[in-house]
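**Student:** The chain contents come next:
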Amino acid sequence: MKIAVCVKHVPEGTTHARINPQTKRLDRSGEGAINPFDTHAVEEALRIKEAQGGEVLVVSMGPQSAQDSVRKALAMGADGALLVTDDAAAGSDLVATAAALAAALEPESTDLILFGQQASDSDGAVLWAAVADRLRRPVISQVAELTVADGKVTGKRQTEFGYDTIEAPLPAVVAVSDAINEPRYPSLKGIMGARSKPQRSVSVSELGIDAGEVGDAGSRTVVQALNDPPPRGDTVKIEDDGSAPEKIIEYLAEKKVL
Amino acid sequence: MATLVFLEHHEGQLQKPALGVLSKAAELGGDVAGVVLGSGVRDLAPAAGAYGAAKVYVADKPELEKPLPQPRVDALAALVREQGIDTVLFAASVLSADLAAGLSARLGAGLNWDLADLVQENGNLIGKRPALGDSVYVDVGWNGEPRLALIRAGTFDPKEAGGKAEVEDFDFEFEDFSLGATMLEQAHAESEGPSIEDADVIVAGGRGLGTPENFKLVEELAQALGGAVAATRAVVDAGWYPYATQVGQTGKTVSPKLYVACGISGAIQHKVGMQSSGVIVAINKDPNAPIFDFCDLGVVGDLHEIVPKLTELVRQRKS
Chain C
1 MKIAVCVKHV
11 PEGTTHARIN
21 PQTKRLDRSG
31 EGAINPFDTH
41 AVEEALRIKE
51 AQGGEVLVVS
61 MGPQSAQDSV
71 RKALAMGADG
81 ALLVTDDAAA
91 GSDLVATAAA
101 LAAALEPEST
111 DLILFGQQAS
121 DSDGAVLWAA
131 VADRLRRPVI
141 SQVAELTVAD
151 GKVTGKRQTE
161 FGYDTIEAPL
171 PAVVAVSDAI
181 NEPRYPSLKG
191 IMGARSKPQR
201 SVSVSELGID
211 AGEVGDAGSR
221 TVVQALNDPP
231 PRGDTVKIED
241 DGSAPEKIIE
251 YLAEKKVL
Chain S
259 MATLVFLEHH
269 EGQLQKPALG
279 VLSKAAELGG
289 DVAGVVLGSG
299 VRDLAPAAGA
309 YGAAKVYVAD
319 KPELEKPLPQ
329 PRVDALAALV
339 REQGIDTVLF
349 AASVLSADLA
359 AGLSARLGAG
369 LNWDLADLVQ
379 ENGNLIGKRP
389 ALGDSVYVDV
399 GWNGEPRLAL
409 IRAGTFDPKE
419 AGGKAEVEDF
429 DFEFEDFSLG
439 ATMLEQAHAE
449 SEGPSIEDAD
459 VIVAGGRGLG
469 TPENFKLVEE
479 LAQALGGAVA
489 ATRAVVDAGW
499 YPYATQVGQT
509 GKTVSPKLYV
519 ACGISGAIQH
529 KVGMQSSGVI
539 VAINKDPNAP
549 IFDFCDLGVV
559 GDLHEIVPKL
569 TELVRQRKS
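Residue numbers (the numbering used here), protein chains in the order written: chain C, 1 to 258; chain S, 259 to 577.
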């Protein structure tokens, strides 16, 4: 069983993240870390490997600093890493990122490709479906319980309407929810061992795709302007002196929401 | 503009968020069509006319019975190519997000997600996307066509305009891999009252309730207001309330006309799921709770005293 886990290197914490007003891209110059949602995908891959044997490959796309996130996944127990890194790929949108990632994953002959449920920086929760279409593989998303057996993968998930159980033949693409497991912390041994594990970096041209397919040139969406959020209006704040319920009713009646 | 709106349906009903997006598309102008995909769903199509669709395309096939995204990518890719559609809009859902992303890859078409508004500026379509915990609103556009967009569920209200839609069947071929995933089981959660995505009024409870039993206070107020009950991640994780009601970054995004937050501090991961609500009322005993920075009416006090009285007053008013 060969499992690839796609991980994203994101700015640490959303509170300090900012968008560069010149490039209109997320400022990635500060401290970064592995997207917390992706650690659940790494954990799930490791559990499958521990139960059934096999190999876990971490795959990422990002600046050189994304090595930090890749190494975190290796420290958790992944066996090797592949980083797509190229200045030409900076600013890639969904179409461009899916093209590059699919090109990187295609030759790896994986049985299963795992994603976390969203990126904490862009709130994107779509990449797996685009990569699956590129690779012409079935996809199951939002999986909170995963079973891999007999050449098939079965995922249980929650939707707006209830619970789905979906089955797909391998090779498949699965996005897991953060309810699926509790990711392990890397052990000291794992951290020490991470450096000696095989880590490859590839450029866009080494993937055999045209530079025009990635970065700004390959992107089909564009950020045009950054604005302040629309004002909510002033907050009316009251201390309860026993009359709060009446005051709430008055306020709701005035706003015509009763 | 030739716009197509994906009309998601469930148990024989076109979904309200999708009809809201359809109404918005009609407001933006141009040729507006809807598309209904499923098995035995032709009867659902005409209803979309009232919300602004001049035409509704229907693909009625047994392979489309279950709500799986990949067979629908095949359908929409064929339809967009044949009909020269330049804009495809989706109300965000578990199904539509995967469908939109698959279609984006298939057509090499730009997808913007999590949009809180769509506007025309100088003839260009612009999406408004709250980002970084909604601290910044990003104007997003598209390079080339078709343009794909996922709209936050509940952003637009369906508006009945009373038009009639022409219904047209279309055909397409499935890709082999698109039929790989199969639905083994769909267990439907039984819920009383409206779901939180559809509700005009939501009453939400957080840690400040103190005990799971106190959710009864929230439920009673919700019932009196004719609304739905929601919960924060903290109380869902603690097992006080089901995940289906979780609002926030890892739960649902809602925008009811009224959101009453009881014992909720207003952490960023909760805020992103509810701050586009119409009127936000917060009741919390901590005067420094962050929710007081983005609510409309903030009440500093003991919810255990305030909420039951409020429920009683609402009941009196409605009776």
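FYI, nobody ran anything at the bench for these hints, they're computed from the structure. A quick note: this is a predicted structure, and the numbers were derived from the prediction, not measured. Accuracy of the hints is not assured; some may be wrong.
[To be verified] Here are some, though not all, of the chain S residues that point toward chain C, as calculated from beta-carbon distances under 10 Å:
hint	residue
1	G288
2	G399
3	M441
For each residue, glycine too, the CB sits at the ideal point set by N, CA and C.
**Student:** Run every hint past the structure and note whether it holds.
**Tutor:** Hints and how they fare:
Interface hint status for G288 of chain S: violated, as the beta-carbon distance to the closest one in chain C is roughly 20 Å, over 10 Å. Hint status for G399 of chain S: holds, given a least beta-carbon distance of 5 Å to chain C, under 10 Å. Checking M441 of chain S against chain C: minimum C-beta separation of about 6 Å stays under 10 Å; hint holds.
Figure legend: structure checked against the earlier numbered hints; the only hint not met is number 1.
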